[in-house]
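Following the hints, complete the assembly by docking chain B onto the known chain A.
Number of protein chains: 2
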Amino acid sequence: MAVGNGALAALLPVPGVRLATVSAGIKKPGRKDLVLMELAPGSHCVGVFTRNAFCAAPVIVAREHLADCSGRPAYLLVNTGNANAGTGAPGLADARRCSAALAELTGVEAESVLPFSTGVIGEPLPVQKIIEALPNALTDLQADGWLAAASGIMTTDTRPKAHSLSFHCEGRDYVITGMAKGAGMIRPNMATMLAYLATDVAVSTPLLQALLSEAAELSFNRITIDGDTSTNDACVLVATGAAGNDPVTGAGGALYNALREALQALCVELAQGLVRDGEGASKFVTVQVNGGRNEQECLDVAFTIAHSPLVKTALFASDPNWGRLLAAIGRAGLPELDVRLVGVYLNDVLIAEHGCRAASYREEQGVAAMAPEEIVIRIELQRGAQQATVWTTDFSYDYVRINAEYRT
Amino acid sequence: MAVGNGALAALLPVPGVRLATVSAGIKKPGRKDLVLMELAPGSHCVGVFTRNAFCAAPVIVAREHLADCSGRPAYLLVNTGNANAGTGAPGLADARRCSAALAELTGVEAESVLPFSTGVIGEPLPVQKIIEALPNALTDLQADGWLAAASGIMTTDTRPKAHSLSFHCEGRDYVITGMAKGAGMIRPNMATMLAYLATDVAVSTPLLQALLSEAAELSFNRITIDGDTSTNDACVLVATGAAGNDPVTGAGGALYNALREALQALCVELAQGLVRDGEGASKFVTVQVNGGRNEQECLDVAFTIAHSPLVKTALFASDPNWGRLLAAIGRAGLPELDVRLVGVYLNDVLIAEHGCRAASYREEQGVAAMAPEEIVIRIELQRGAQQATVWTTDFSYDYVRINAEYRT
Numbered sequence: 001m002a003v004g005n006g007a008l009a010a011l012l013p014v015p016g017v018r019l020a021t022v023s024a025g026i027k028k029p030g031r032k033d034l035v036l037m038e039l040a041p042g043s044h045c046v047g048v049f050t051r052n053a054f055c056a057a058p059v060i061v062a063r064e065h066l067a068d069c070s071g072r073p074a075y076l077l078v079n080t081g082n083a084n085a086g087t088g089a090p091g092l093a094d095a096r097r098c099s100a101a102l103a104e105l106t107g108v109e110a111e112s113v114l115p116f117s118t119g120v121i122g123e124p125l126p127v128q129k130i131i132e133a134l135p136n137a138l139t140d141l142q143a144d145g146w147l148a149a150a151s152g153i154m155t156t157d158t159r160p161k162a163h164s165l166s167f168h169c170e171g172r173d174y175v176i177t178g179m180a181k182g183a184g185m186i187r188p189n190m191a192t193m194l195a196y197l198a199t200d201v202a203v204s205t206p207l208l209q210a211l212l213s214e215a216a217e218l219s220f221n222r223i224t225i226d227g228d229t230s231t232n233d234a235c236v237l238v239a240t241g242a243a244g245n246d247p248v249t250g251a252g253g254a255l256y257n258a259l260r261e262a263l264q265a266l267c268v269e270l271a272q273g274l275v276r277d278g279e280g281a282s283k284f285v286t287v288q289v290n291g292g293r294n295e296q297e298c299l300d301v302a303f304t305i306a307h308s309p310l311v312k313t314a315l316f317a318s319d320p321n322w323g324r325l326l327a328a329i330g331r332a333g334l335p336e337l338d339v340r341l342v343g344v345y346l347n348d349v350l351i352a353e354h355g356c357r358a359a360s361y362r363e364e365q366g367v368a369a370m371a372p373e374e375i376v377i378r379i380e381l382q383r384g385a386q387q388a389t390v391w392t393t394d395f396s397y398d399y400v401r402i403n404a405e406y407r408t
Numbered sequence: 001m002a003v004g005n006g007a008l009a010a011l012l013p014v015p016g017v018r019l020a021t022v023s024a025g026i027k028k029p030g031r032k033d034l035v036l037m038e039l040a041p042g043s044h045c046v047g048v049f050t051r052n053a054f055c056a057a058p059v060i061v062a063r064e065h066l067a068d069c070s071g072r073p074a075y076l077l078v079n080t081g082n083a084n085a086g087t088g089a090p091g092l093a094d095a096r097r098c099s100a101a102l103a104e105l106t107g108v109e110a111e112s113v114l115p116f117s118t119g120v121i122g123e124p125l126p127v128q129k130i131i132e133a134l135p136n137a138l139t140d141l142q143a144d145g146w147l148a149a150a151s152g153i154m155t156t157d158t159r160p161k162a163h164s165l166s167f168h169c170e171g172r173d174y175v176i177t178g179m180a181k182g183a184g185m186i187r188p189n190m191a192t193m194l195a196y197l198a199t200d201v202a203v204s205t206p207l208l209q210a211l212l213s214e215a216a217e218l219s220f221n222r223i224t225i226d227g228d229t230s231t232n233d234a235c236v237l238v239a240t241g242a243a244g245n246d247p248v249t250g251a252g253g254a255l256y257n258a259l260r261e262a263l264q265a266l267c268v269e270l271a272q273g274l275v276r277d278g279e280g281a282s283k284f285v286t287v288q289v290n291g292g293r294n295e296q297e298c299l300d301v302a303f304t305i306a307h308s309p310l311v312k313t314a315l316f317a318s319d320p321n322w323g324r325l326l327a328a329i330g331r332a333g334l335p336e337l338d339v340r341l342v343g344v345y346l347n348d349v350l351i352a353e354h355g356c357r358a359a360s361y362r363e364e365q366g367v368a369a370m371a372p373e374e375i376v377i378r379i380e381l382q383r384g385a386q387q388a389t390v391w392t393t394d395f396s397y398d399y400v401r402i403n404a405e406y407r408t
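Chains A and B are the protein sequences, given in the same order. So for the first sequence, my numbering puts the first residue at 1; every next one is plus one. So for the second sequence, my numbering puts the first residue at 1; every next one is plus one.
The following block holds chain A by itself, in its conformation from the complex:
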């Protein structure tokens, strides 16, 4: 199950980036399970990583290498089928062996190769298979390899998630392209979200990191399928500088603004794509909370709604169950919440206010609002000027089936 048709717009190559997608035999024979990204000299790279204390071996090594190569890696190496998570010290050595092998083949430092893994937790990484597939991958590198790569990083995703934007600024054209995989936060025994983004804009490393952190906060950190945080989450942004502009080093200029806007739009598109393809998803739900004293309390209300199994099963049933929404808002922990001010909307239908069902509300309106695949739940707190939006899915039989049937 997934929401919408998932059709992808054309993916634009990013000058300075080439990608290869090959089969290393980690998953079933013939399945593409190894993706290699080559970054031209002059590129640099920033990342945001899982905050899970049990983070996977490749996350630890990728972070180390990114620091050791001063943010200028030559290769990103991604395998699926095995997360190399919950693998202890041997897992760290395995991740380093893969990087070292690619470095030796290509004549770069081992620190210039960032490893990423996604798939089953707790199994030893099949290092030899990965190493043997590297020559093929190097041969296969191509600038228009984004679509194949977006499929190559999938695990139990039902379809690839990728998107491109181009923008024009001060007489020059730029591009930003990205791909991502998801999304359960942990998939069945899988370690989940990976996202790779690249642009040809020249931009300083500190600014690139700030832009990525901000965009991830407003996109990947605003989605939830089941509230579980993966051990392997990673999102990487490459700036190749191939567009030849004077490097952007400070906030506020026209190109900074254009890049920021494009990056945020790209991340939101990919994050929403993860939700639409969430495990067992039959609804795509936007939870928008307005009128909070600060952004955090808006997020607290939005995530309490988005994580509530009772709200999510009601969404699955297309049931306009405003009682469950009120109950979720009421336990979000907001200080001095005056429940008489709170308004609850499904799409644009006011369903509850003054702590009870709205006088104007008719059940047919709620049923009509809940029928489509895409639903907006809007909460008006009426106690401030801040707002926040998160995206989530419903909770279906299929979610239980997918996560219960999958065995270690």
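Be a bit skeptical, because a hint or two may be false.
Some chain A residues judged to face chain B by a derived CB distance under 7 Å, without partners named [to be verified]:
| # | residue |
| --- | --- |
| 1 | Ala7 |
| 2 | Phe54 |
| 3 | Gly88 |
| 4 | Ala327 |
| 5 | Gly330 |
| 6 | Ala358 |
| 7 | Tyr361 |
| 8 | Asn403 |
| 9 | Ala404 |
Each pair of labels, with its calculated beta carbon distance range [unchecked claim]:
| # | chain 1 | residue 1 | chain 2 | residue 2 | range |
| --- | --- | --- | --- | --- | --- |
| 10 | A | Glu373 | B | Arg383 | 53 to 61 Å |
| 11 | B | Val367 | A | Gly333 | 36 to 44 Å |
| 12 | B | His354 | A | Glu217 | 46 to 54 Å |
| 13 | B | Pro41 | A | Gly333 | 34 to 42 Å |
| 14 | B | Thr139 | A | Gly333 | 43 to 51 Å |
| 15 | A | Glu261 | B | Ala67 | 49 to 57 Å |
| 16 | A | Arg63 | B | Glu217 | 35 to 43 Å |
| 17 | A | Gly333 | B | Pro247 | 35 to 43 Å |
| 18 | A | Asp338 | B | Arg31 | 46 to 54 Å |
| 19 | A | Ala210 | B | Thr205 | 53 to 61 Å |
Every beta carbon over 12 Å from chain B, so not counted as near; a handful from chain A, in silico [claimed, not checked]:
| # | residue |
| --- | --- |
| 20 | Ala101 |
| 21 | Glu104 |
| 22 | Ile131 |
| 23 | Glu132 |
| 24 | Ser204 |
| 25 | Glu269 |
| 26 | Ala368 |
No wet-lab data here; the hints were simulated from the structure. Glycine included, C-beta positions come from ideal geometry on N, C-alpha and C.
Leaving out everything else, chain B in the frame of chain A:
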């Protein structure tokens, strides 16, 4: 579905308390849906109530009345079939009308009647039906009415939850009896947990409140079905003083200790009963976290595990999925967690340590540990001396069915 056979031990009357259970016609004709508890003069009463900001009208009125009668109510009036929640100002008036009608019939002050409701959210309380059933209820009052009352307060519970303990102290016999209903934290569109406890021990009000707060914290606040907090939760403890002892006014004496122990055992028994009868429950799971720096971080880990949909679906599948347990521990937010020290046990089988599968672990052991209806997940943090235990259930197809099929 429910875990275990739910057989109840004999329920002991509490001198000073009489109970009636009658049909007011709120639910289907003939279904008992109104419970009245009469407390003899000299009894007093303390309570703990939901922290949900959208708390139901009867919760607001019961709290008010309890204060206004100085903790000495004469009657507790409980209806099922309608939660009188999400009903705004008219709901408050309805709850007050029920109390006033009973007060008029019995010649007590309206503030001496505490109202409680459980059932569907958002529908007007059928006040007239309740008022018309009061004479019958008054006629029906009897000392051994606990079992009928435990069934009378049920909504979608599949069986009554009640328990008694007697204890002997310094030449005198005492009794404590309680009943509870649950448990989804909100049931399908229902507003959930109610518990009524009574003892014949004479004990001062401040001490009684302290004892109840402590016992509730270690029992009802340590269970979770789905993490949703009801709008109607209430737990009330009555001390009739009918045993004739010198009132207990301070901590530390033999009777204080005996009462405290019996009260905690009663609350744990009832709380576990709510979990065993949780929506769609096929497993009863104890999550025990040892070796924390403080109790709160043990609770954080325990509840993160107990709320994780991925852990709960694995429990449903009897899948010893230690990767999901590690991932849940890792996202519980513990500062400076050294994952290499963490040990994960299923019953007494060590399944993970040093951040990976335990070398000694065999899959057969995990499968055997997960097979029974009752499972203990034990986490050893090895960073302190504190511990905490919570109880929960799995997440089954039936949970989704119960909560998705039920319509507003």
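Comparing the hints with the structure gives:
At a threshold of 7 Å, the smallest CB-CB gap from Ala7 of chain A to chain B is about 29 Å, leaving the interface hint violated. Interface hint at Phe54 of chain A: satisfied, since its Cβ lies 3 Å from the closest Cβ of chain B, which is below the 7 Å cut-off. Checking Gly88 of chain A against chain B: minimum C-beta separation of about 4 Å stays under 7 Å; hint holds. For Ala327 of chain A, the shortest C-beta to C-beta distance to chain B is roughly 5 Å, which falls under 7 Å, so the interface hint holds.
Evaluation of the Gly330 of chain A hint against chain B yields a held restraint, the C-beta minimum of about 3 Å falling below 7 Å. A distance limit of 7 Å between C-beta atoms decides the matter here; for Ala358 of chain A the minimum to chain B is near 10 Å, and the interface restraint is violated. Against a cut-off of 7 Å between C-beta atoms, the interface hint on Tyr361 of chain A is violated, since the closest Cβ of chain B lies about 10 Å away. The interface hint given for Asn403 of chain A holds, since its Cβ lies 4 Å from the closest Cβ of chain B, which is under the 7 Å cut-off.
Proximity of Ala404 of chain A to chain B holds as hinted, the smallest CB-CB distance being about 4 Å (cut-off 7 Å). Checking the proposed 53 to 61 Å range against Glu373 of chain A and Arg383 of chain B shows it is violated: the Cβ atoms sit about 46 Å from each other. Between Val367 of chain B and Gly333 of chain A the C-beta distance comes to about 39 Å, which sits within the given range of 36 to 44 Å. At about 33 Å, the beta-carbon gap between His354 of chain B and Glu217 of chain A misses the expected band of 46 to 54 Å.
Pro41 of chain B and Gly333 of chain A have their C-beta atoms about 41 Å apart, which keeps the hinted 34 to 42 Å range intact. Between Thr139 of chain B and Gly333 of chain A the beta carbons are some 46 Å apart, a value that agrees with the proposed interval 43 to 51 Å. Take Glu261 of chain A and Ala67 of chain B: their Cβ atoms lie about 56 Å apart, and the range 49 to 57 Å holds. Checked against the given bound of 35 to 43 Å, the beta carbons of Arg63 of chain A and Glu217 of chain B, roughly 40 Å apart, stay inside it.
In this structure the hint that Gly333 of chain A and Pro247 of chain B lie 35 to 43 Å apart at CB holds, the actual value being about 38 Å. In this structure, Asp338 of chain A and Arg31 of chain B break the distance hint of 46 to 54 Å, their C-beta atoms being roughly 37 Å apart. In this structure the supplied range 53 to 61 Å holds for Ala210 of chain A paired with Thr205 of chain B, their Cβ-Cβ distance being about 58 Å. With 12 Å as the threshold on Cβ separation, the claim that Ala101 of chain A sits away from chain B holds: the shortest Cβ distance comes to roughly 23 Å.
With a closest Cβ-Cβ approach of about 28 Å to chain B, Glu104 of chain A is found to remain outside the 12 Å limit, as its non-interface label requires. The Cβ of Ile131 of chain A sits about 22 Å from the closest Cβ of chain B, beyond the 12 Å cut-off, so the non-interface label holds. The beta carbon of Glu132 of chain A sits about 25 Å from the closest Cβ of chain B, which is more than 12 Å, so the claim that it is off the interface holds. Every Cβ of chain B is farther than 12 Å from the Cβ of Ser204 of chain A; the closest lies at roughly 32 Å, confirming the non-interface assignment.
Consistency note on Glu269 of chain A: stated as away from chain B, and its beta-carbon is indeed over 12 Å from all of that chain's, at 26 Å minimum. No beta-carbon of chain B comes within 12 Å of the beta-carbon of Ala368 of chain A; the shortest separation is about 14 Å.
Comparing the model with each numbered hint stated earlier shows that hints 1, 6, 7, 10, 12, 18 do not hold.
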